[in-house]
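Protein chains: 2
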Amino acid sequence: MIAAGWLRRIFYVIEDHKSAFLTALLLGLLSNAFISLANPLALKYLFDEGIIRKNFGLFTALSVAFVAIFTLWRLGVLSYRLFVQRVKNKILVSWSLKMLRRYYNIPYSEIITRDNGYFLSRVYDEISTTVLPVVDCALGLFNSIISFTVALGVVLFLSWRATLVLICVIPIVYRLSRRFGAKIKKESKLEKEEEAKLRGILGRALGSYKVTKTFNLYDGIYAKTSAQAGRFIDVLYARFKTSTIYQSLGGMFMSYAETAVMIAAGYEILAGRMTFGGFMGFMNAFWLVIGASKDMFERIPEMSRIVGAIERLVELQELEARQTNFSYGDEVKLEDVSFAYNDHKVLRNFNLKTKRGEKVLIVGPNGSGKSTLAHLMAGFLC
Amino acid sequence: MIAAGWLRRIFYVIEDHKSAFLTALLLGLLSNAFISLANPLALKYLFDEGIIRKNFGLFTALSVAFVAIFTLWRLGVLSYRLFVQRVKNKILVSWSLKMLRRYYNIPYSEIITRDNGYFLSRVYDEISTTVLPVVDCALGLFNSIISFTVALGVVLFLSWRATLVLICVIPIVYRLSRRFGAKIKKESKLEKEEEAKLRGILGRALGSYKVTKTFNLYDGIYAKTSAQAGRFIDVLYARFKTSTIYQSLGGMFMSYAETAVMIAAGYEILAGRMTFGGFMGFMNAFWLVIGASKDMFERIPEMSRIVGAIERLVELQELEARQTNFSYGDEVKLEDVSFAYNDHKVLRNFNLKTKRGEKVLIVGPNGSGKSTLAHLMAGFLC
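First to last, the protein sequences are chains U and Z.
Remember, the working numbering sits 17 above the position in the first sequence when you count from 1.
Remember, the working numbering sits 17 above the position in the second sequence when you count from 1.
Just so you know, these hints were derived from the structure itself, not from any lab.
Among these hints, one or two may not hold up.
[Claimed, not checked] Derived coverage of chain U by chain Z (criterion: at least 3 residues anywhere in the stretch with Cβ under 8 Å from a Cβ of chain Z; other residues may be distant): (1) 71-81; (2) 169-178; (3) 268-275.
[What the hints assert, rightly or not] One side only, chain Z facing chain U, incomplete, derived with CB under 7 Å: (4) Gly74; (5) Phe76; (6) Val104; (7) Ser272.
Just so it is clear, the structure is predicted and the values come from calculations on it, not from any experiment.
Just so you know, even glycine gets a beta-carbon here, dropped at the ideal spot from N, CA and C.
If we strip away everything but chain U, and leave its shape as in the complex, we get (with noise of 0.2 Å):
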């Protein structure tokens, strides 16, 4: 359900450029897949068949023929990086034009509430907080779904009774992360706001220069500064504990993890069902679950956040096209034209015809309706 939404939503903001996202999004599965595969193996290989059989030339040549095949790999990935960075290039300047456009498509009654700054946050920043994050959100998604289901079939295939301890310690890691997350941006919020509240202070201080000097308010000043600098620290302060204990936390959990998966593999080996090389392919695997799941847990909140974000831009693109193009007759007439801003009536039943090449001169005081008058005429009022 909410997966079709977001493919829906993600197949809207990449619209003309599907070949290239789906190619991508090929290319970065295979290439996941095959390093997830082919690391813990090859570390099992290397280790079984070169030092425990003693033998260096193999041990060399193993060695060396996987740095190749690695080489070769890293390559690949440094090709599909350079190629997504273009797809995304692509995207960035086909919505900064498209955006644009249907600016032009806001009726002019509300282009005059709002300065330039706002559309401008719309018309472009928006696109780099919400296209481009939803096409690398999108391709680390799917990527860490395949790095992940491909780790965890070869931790089994090396051990599975070591894999059981792995799986206990998958949920915990998700409710780690959705616990602190939620905590870390509500704090986040608060501080940017003591933070904002901080410079609105010292602004007002710094702009009162000459009051301050005349009359020496330094006093009065520095204690209002150095309260709200208090405040500001100190939910600096929270913040900053409830991520550090979170990374502590996270970091103590994931060692208890890995030695609790070390020592079942541990057993496994004395147990003579699991190689030297096999424990060094599994605990590399293991930490390539770890890293997916964790990965996974991360962008599935961040992905409502964006697809959230993109419905913003979809009400700009859903405005009805008003472009109009304006072609000019031999006259121009109003009828019997009335109109109100809100609940302020500016103009009441209003006549005027003009002819082509008529000059007509319009007096009034401010606020009389002549700008009103020009606008309706030329049809940004309507």
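Starting from the known structure of chain U, arrange chain Z on it as the hints suggest.
Positioned in the frame of chain U, the structure of chain Z alone reads:
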């Protein structure tokens, strides 16, 4: 030489918090020395005593003991990080107030040449971008030096032959990070410039809503926007390419280095000069050495940059105190006063004498010097 200048600047910044800073430094050094020593050696003994001797009970007991010790260490690191944050918070507050005090020492003739935003950035933002980073950077630099030294001692202890291979790697890490670092910085600057131009063009396009619609100028505007968007994504792509190639090269180089060290260590195992546990410990310490040296190489240019920025703070701090407290006498007397803004003479041999309670009306056209006269009498211009 350079280090002495840096130390002087660090102490300048932490002024009233020297003992807290030195405590943080000492705790950090102890913690890093401990983990760089304990982590590889614990791995060595775990494998040598547990797995190789096929003693599962001992292997489990050692695992659990090490996890317990590392848990204590992590709790210590947690309180260390919270402590450092409290020190940084105190420094932030005391510097904000100190800068605000100095702001009132700036001559009024300088205040009027800039806007509020400029001084807010000098009084507040420069603290967040210089004072706080210098604390982190100094602590981080000392910590990576100690980690590097201790971990290098460990690899030497485990196998001096394999360490020789490792030592050849470090200068190459240094060269790579220097060379690409400079290039990326330059390209990032170019990217920001082109993006600013794009925002400028978009801003003007948004500002000309009425003209564009009335005169049907859409095509010209789209063409201009599209051309600048193209230039912007070209430099963005160039910068992305450089940093991606740097990461790829770095990753490739690291995997070659790891392989070379692994082959050397594998040879030592087969020659009977290294145990398997020793190999595990060696590879762990190898990554500590590489991580710490990368960290050192990245922090050194960062430190120069920050110390350079601190000079700007010093400049403002050393402004002679002009925070004169006003006291009013019974008379204001000006005798032959002349004043000029650069070449523009405003007052010439002006005389005025007024008693307490007396009312004086000063008249004159715009620019004749009325405000200048008031500012002079209040002592803002001198």
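Hints violated by the structure (listed by number, smallest first): Per hint list: 2, 4 and 6 violated.
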